[in-house]
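Participant: The residues making up each chain are set out below.
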Amino acid sequence: MNDIVSPIPQTAHPTHGTETMELLSFRLGADEYCLDIMSVREIRGWSRPTPLPHSAPHLCGVINLRGTVLPVIDLAIRLGLPGVMGDLRNVFIVVCLGDVQTGLLVHSVSDILTVPRAELTPPPEVANYAEQKFVGALAVVDGRMIRMLNLLAILPDPTTEALA
Amino acid sequence: MPNNPLAEIRAGFFAECEELLETLHDSIAALNVEAPDADLINTIFRAVHSIKGGAAAFGYERLVDFAHRYEGVLGGLRTDHSLITESMRLMLMQASDALEDHVESARGATSPPTEGDSILAELQMQLGQVRDQHDQDDFFYQPVALDLSTLGVETAAWQVVFAPQGSLYSNGNEPLFLLRALRTLGATDICCLTEGLDSGLAEFDPMQPALSWRLSLPAEIVEADIREVFEFVDGLCVLTISRQPRPDPWIESATIEVIQPSPEANPAPSPRQKTDTIPIVRVDLERVDRLMNLVGELVINQAMLAQSVADAGIAPNSPVMTGLEAFTKLTREVQDSVMMIRAQPVKPLFLRMSRLVREAAISTGKQIQLITIGEATEVDKTVIERLTDPLTHMIRNAIDHGIEPPAMRLAAGKHACGTITLKAQHRSGRLMIELRDDGAGIDRAKVMRIAISRGLIAGDSPQNENEIDNLLFMPGFSTANSISPLSGRGVGLDVVRLAIHGLGGRVSIQSQPGEGTVFTISLPLTLAVLDGMIVRVADQTLVIPLSSILETAALEPNDVRAIGSGLSVLELRGGFLPLFDLGVELGFRAPIRHDDGGIVLLTRHEDESRSALIVDTIVEQRQVVIKGLHRNYGHIHGISAATILGNGQVALIVDPTDLLSRPPLPPSDMAIAG
Amino acid sequence: MALTILAVDDSRTIRDLLKLALTREGIVLHMAEDGASALSLLQDLTPDAIISDINMPNLDGFGFIEAVRRQEKFRTVPILVLTTEAAPELRARARAAGATGWIVKPFDTPKLVRALHMVVGRVD
Numbered sequence: 001m002n003d004i005v006s007p008i009p010q011t012a013h014p015t016h017g018t019e020t021m022e023l024l025s026f027r028l029g030a031d032e033y034c035l036d037i038m039s040v041r042e043i044r045g046w047s048r049p050t051p052l053p054h055s056a057p058h059l060c061g062v063i064n065l066r067g068t069v070l071p072v073i074d075l076a077i078r079l080g081l082p083g084v085m086g087d088l089r090n091v092f093i094v095v096c097l098g099d100v101q102t103g104l105l106v107h108s109v110s111d112i113l114t115v116p117r118a119e120l121t122p123p124p125e126v127a128n129y130a131e132q133k134f135v136g137a138l139a140v141v142d143g144r145m146i147r148m149l150n151l152l153a154i155l156p157d158p159t160t161e162a163l164a
Numbered sequence: 165m166p167n168n169p170l171a172e173i174r175a176g177f178f179a180e181c182e183e184l185l186e187t188l189h190d191s192i193a194a195l196n197v198e199a200p201d202a203d204l205i206n207t208i209f210r211a212v213h214s215i216k217g218g219a220a221a222f223g224y225e226r227l228v229d230f231a232h233r234y235e236g237v238l239g240g241l242r243t244d245h246s247l248i249t250e251s252m253r254l255m256l257m258q259a260s261d262a263l264e265d266h267v268e269s270a271r272g273a274t275s276p277p278t279e280g281d282s283i284l285a286e287l288q289m290q291l292g293q294v295r296d297q298h299d300q301d302d303f304f305y306q307p308v309a310l311d312l313s314t315l316g317v318e319t320a321a322w323q324v325v326f327a328p329q330g331s332l333y334s335n336g337n338e339p340l341f342l343l344r345a346l347r348t349l350g351a352t353d354i355c356c357l358t359e360g361l362d363s364g365l366a367e368f369d370p371m372q373p374a375l376s377w378r379l380s381l382p383a384e385i386v387e388a389d390i391r392e393v394f395e396f397v398d399g400l401c402v403l404t405i406s407r408q409p410r411p412d413p414w415i416e417s418a419t420i421e422v423i424q425p426s427p428e429a430n431p432a433p434s435p436r437q438k439t440d441t442i443p444i445v446r447v448d449l450e451r452v453d454r455l456m457n458l459v460g461e462l463v464i465n466q467a468m469l470a471q472s473v474a475d476a477g478i479a480p481n482s483p484v485m486t487g488l489e490a491f492t493k494l495t496r497e498v499q500d501s502v503m504m505i506r507a508q509p510v511k512p513l514f515l516r517m518s519r520l521v522r523e524a525a526i527s528t529g530k531q532i533q534l535i536t537i538g539e540a541t542e543v544d545k546t547v548i549e550r551l552t553d554p555l556t557h558m559i560r561n562a563i564d565h566g567i568e569p570p571a572m573r574l575a576a577g578k579h580a581c582g583t584i585t586l587k588a589q590h591r592s593g594r595l596m597i598e599l600r601d602d603g604a605g606i607d608r609a610k611v612m613r614i615a616i617s618r619g620l621i622a623g624d625s626p627q628n629e630n631e632i633d634n635l636l637f638m639p640g641f642s643t644a645n646s647i648s649p650l651s652g653r654g655v656g657l658d659v660v661r662l663a664i665h666g667l668g669g670r671v672s673i674q675s676q677p678g679e680g681t682v683f684t685i686s687l688p689l690t691l692a693v694l695d696g697m698i699v700r701v702a703d704q705t706l707v708i709p710l711s712s713i714l715e716t717a718a719l720e721p722n723d724v725r726a727i728g729s730g731l732s733v734l735e736l737r738g739g740f741l742p743l744f745d746l747g748v749e750l751g752f753r754a755p756i757r758h759d760d761g762g763i764v765l766l767t768r769h770e771d772e773s774r775s776a777l778i779v780d781t782i783v784e785q786r787q788v789v790i791k792g793l794h795r796n797y798g799h800i801h802g803i804s805a806a807t808i809l810g811n812g813q814v815a816l817i818v819d820p821t822d823l824l825s826r827p828p829l830p831p832s833d834m835a836i837a838g
Numbered sequence: 839m840a841l842t843i844l845a846v847d848d849s850r851t852i853r854d855l856l857k858l859a860l861t862r863e864g865i866v867l868h869m870a871e872d873g874a875s876a877l878s879l880l881q882d883l884t885p886d887a888i889i890s891d892i893n894m895p896n897l898d899g900f901g902f903i904e905a906v907r908r909q910e911k912f913r914t915v916p917i918l919v920l921t922t923e924a925a926p927e928l929r930a931r932a933r934a935a936g937a938t939g940w941i942v943k944p945f946d947t948p949k950l951v952r953a954l955h956m957v958v959g960r961v962d
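Protein chains in written order, with my numbering: chain V, 1 to 164; chain G, 165 to 838; chain X, 839 to 962.
Simulated from the structure, these hints should not be mistaken for lab results.
Where hints are given, some of them may not hold.
In silico DSBU-like cross-links for lysine-lysine, where the CA-CA straight-line distance does not exceed 35 Å [to be verified]:
| id | chain 1 | residue 1 | chain 2 | residue 2 |
| --- | --- | --- | --- | --- |
| 1 | X | Lys-857 | X | Lys-943 |
| 2 | G | Lys-511 | G | Lys-587 |
| 3 | G | Lys-587 | G | Lys-610 |
| 4 | X | Lys-943 | G | Lys-545 |
| 5 | X | Lys-949 | G | Lys-511 |
| 6 | G | Lys-578 | G | Lys-493 |
| 7 | X | Lys-857 | G | Lys-545 |
| 8 | X | Lys-911 | X | Lys-857 |
| 9 | G | Lys-511 | X | Lys-911 |
| 10 | G | Lys-545 | G | Lys-587 |
Treat the numbers as computed from the prediction; the structure is a model and nothing was measured.
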């Protein structure tokens with residue numbers, strides 16, 4: 001059984017309306033991305049997902065999250081990158097959008113960063129269409145460029161019939 | 165103690181209103197205008213009265229106002245039953261509908277409806293009632309003799325003289341208590357006057373009050389407070405309140421009549437049937453859900469225990485095994501009972517629909533009746549709630565597009581009045597709901613035209629009748645040429661199907677041109693547990709509901725026949741069944757040859773047709789706890805839900821009917837297999 | 839010692855509200871849904887006062903009060919009727935049946951408590 005690697009304390013400093021944001025940074029291949037910590041519920045060690053029939057390539061399947069059936073997606077494939085594919089070295093980041101929870105398969109989680117809101121810049125025009133859609137902002141931390149992801153674009157609209 | 169007890173009571177009030185409205189509806193429906201039953205009319209009156217009482221407690225003024233006027237109408241009928249006519253009875257139904265709207269508007273804090281007022285006005289007129297004057301809720305009495313001439317010095321103390329009369333004592337009033345109350349107001353110089361006894365003991369009637377009292381009260385006391393003390397005995401005493409510096413002799417100004425018992429005093433009530441109310445306990449829904457989850461876990465654990473015991477090779481007749489069997493039975497019973505806690509009759513849903521039909525008949529000018537069958541059928545509360553919208557859409561469709569106007573119906577040799585039948589029943593472990601109309605049926609040519617023009621299907625692909633009918637479930641499909649008053653812009657049936665899928669159910673449509681259309685909805689009875697067969701296919705573990713499996717057998721390659729277009733059939737006892745590979749159907753593997761065995765499951769679908777399904781191995785038969793997938797997804801073809809196995813892995817639950825839903829094999833292909 | 843009151847009303851909402859209002863005052867409240875079951879309760883219960891609705895199934899308020907008053911031990915127990923009616927003729931009927939007083943719904947809790955205390959003689 002997989003224990004939770006670490007839960008994210010929900011009493012974390014509220015970032016809405018304050019000057020700084022807390023971001024969870026993680027790796028996909030050689031690149032670093034991050035997410036607003038407010039949407040992250042927990043980080044869970046990898047377990048083999050049960051595949052769903054006729055599903056899109058980025059949909060790995062479902063896993064058991066303490067008695068709930070949680071869909072998980074390969075975030076790399078979703079972003080148009082070579083897939084993580086997944087094994088015991090990887091983790092799921094469990095995020096919550098509205099009242100729907102999803103697991104994002106990533107290579108590893110790096111750190112929690114505190115970034116002043118003012119320092120987040122909108123993404124530049126890039127050739128890669130996927131990045132255009134999925135990256136909400138850019139942050140520069142210690143000289144590294146970290147792409148902040150826009151969960152709304154990444155996760156399926158819960159009202160559509162099929163996960164496309 | 166709950167955080168907000170008042171909010172809880174308010175919620176209870178609205179729950180009570182639902183029950184009362186249902187009673188109201190049933191009673192009006194049952195009323196026979198030729199021989200009206202006094203009890204029924206009383207029940208109707210009391211239902212409205214109770215709603216009014218509770219509404220008043222929470223300050224829902226518009227609701228109170230409407231209920232009060234409705235009550236007034238009913239009061240008139242209560243006094244004289246002979247006044248009631250059939251058209252009045254129908255108006256009472258409409259008034260009840262309006263009352264329901266008022267309750268809803270109070271609950272949702274939306275603006276109240278106005279249609280009910282005219283109905284009540286009409287009823288009042290027919291009953292010859294004068295329209296209500298504005299009710300004063302004030303029950304302040306006419307003061308008795310108040311000597312105005314003594315109004316002078318404001319600082320003069322009060323003087324109160326109080327002489328009980330008549331039935332003051334026998335009504336449980338106690339002058340001593342009144343005096344105590346006056347004393348808290350600051351009464352002094354209380355003395356008891358015994359003039360009433362002066363006539364001597366011989367003529368003394370011990371049953372009549374003879375004593376009186378006189379007392380003073382401080383000047384600053386408000387007169388209304390003094391009168392409040394005597395509120396209940398007003399009319400049962402001689403009361404004088406005045407400002408006098410000196411005590412006055414007992415004033416002969418009393419002119420109140422002691423109110424006599426009214427001549428038409430209530431006769432002894434005739435023995436009535438004890439209303440058979442089922443005792444009810446109200447429980448927090450959260451607690452029920454928690455209990456259901458726990459029972460689900462209990463089921464899983466019990467199954468795993470049974471497995472471990474079996475694996476440990478314990479003898480079948482041993483105490484452990486017998487104990488385990490008893491345990492299994494007990495767990496099942498607990499589980500069945502708990503599942504029924506959330507189950508409720510579909511009747512309220514049907515009532516809502518019958519109201520919809522009533523109103524729709526009026527607004528479309530068509531004659532329509534709704535017949536309901538199986539209103540006592542029970543199903544999980546959530547399912548009932550989530551069926552309201554889809555059913556509403558389907559009935560509106562039936563009324564708008566199905567049922568023809570009376571003239572057309574007569575011309576077609578039908579009754580002018582169209583019939584919609586709504587039926588609910590349990591069948592093979594599921595809830596089946598059927599909505600049937602005897603209207604014009606689906607205009608298939610029109611459907612095809614629209615589908616082609618919207619690019620929903622290719623122009624030349626052949627479609628059989630059933631496929632055409634099911635085109636209506638495609639998004640954006642609406643045959644409405646104009647916006648109907650009911651369906652608005654024709655909300656499509658695709659929304660309906662989405663909602664039904666969201667419940668883990670299925671909906672299908674069948675139609676006969678000129679005769680009518682039938683919608684069939686199939687839903688899981690509960691959202692909780694399932695008897696399943698655990699199988700392995702293409703390295704995946706899946707669950708197939710036991711209720712869908714008729715037989716299992718080893719796969720004999722010789723019995724497999726290929727027919728055109730990649731399809732196969734299985735020969736079984738002289739007949740042929742469509743044959744599928746579960747792994748292929750789910751997209752887990754490409755088609756393979758099955759020369760070296762496998763298992764075939766003979767599955768039965770909801771329309772009683774049969775198929776044969778190939779899996780690799782059967783693991784076991786078990787009860788599984790159903791975990792919904794739909795929250796996160798929408799509909800996945802062939803899968804109804806998921807479960808969590810003993811080893812923590814998620815296993816998908818297959819829905820064979822959904823998985824294999826495809827048109828029946830054309831006859832010519834069957835001939836080749838021979 | 840705490841007051842013991844019997845309340846009779848067929849509306850669950852009213853019963854709940856009475857319970858909320860009166861138990862806060864430390865009153866021990868017994869309840870019944872209609873006159874008949876209230877009469878059963880009174881076989882074993884001797885309340886300090888009774889509160890009763892008028893419109894009830896099986897046995898209405900008037901019938902209930904009359905039945906109560908016919909019993910020797912309840913000849914003078916204080917009985918308050920709870921009613922939405924402000925109509926004087928209903929009050930008269932209640933009084934004729936033997937009611938001690940009345941409270942108009944929606945009831946004002948302090949007023950109800952004051953009235954109860956007064957009819958049982960427990961004013962402070």
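Participant: Now tell me, hint by hint, if it's right for this structure.
Facilitator: Right, here's what the structure says about each hint:
With a CA separation close to 15 Å, the supplied pair Lys-857 (chain X) and Lys-943 (chain X) stays within the 35 Å bound. At roughly 11 Å between alpha-carbon atoms, Lys-511 (chain G) and Lys-587 (chain G) fall within 35 Å of each other, so this suggested pair holds. Between the alpha carbons of Lys-587 (chain G) and Lys-610 (chain G) the distance comes to roughly 29 Å, so the proposed pair stays at or under 35 Å and holds. Taking the CA atoms of Lys-943 (chain X) and Lys-545 (chain G), the gap is near 34 Å; set against the 35 Å cutoff, the hint holds.
Restraint check: the Cα-Cα separation between Lys-949 (chain X) and Lys-511 (chain G) comes to about 42 Å, which exceeds 35 Å; the hinted pair is violated. For the given pair, Lys-578 (chain G) sits about 54 Å from Lys-493 (chain G) by alpha-carbon distance, which is inconsistent with the 35 Å threshold. Taking the CA atoms of Lys-857 (chain X) and Lys-545 (chain G), the gap is about 29 Å. The hint holds against a cut of 35 Å. In summary, the hint linking Lys-911 (chain X) to Lys-857 (chain X) is supported, as the alpha carbons are separated by about 25 Å, within the 35 Å threshold.
Distance restraint check for Lys-511 (chain G) and Lys-911 (chain X): the Cα-Cα separation of roughly 47 Å exceeds the 35 Å cut-off, and the hinted pair is therefore not satisfied. The hinted pair formed by Lys-545 (chain G) and Lys-587 (chain G) meets the criterion: a straight-line CA distance of about 18 Å does not exceed 35 Å.
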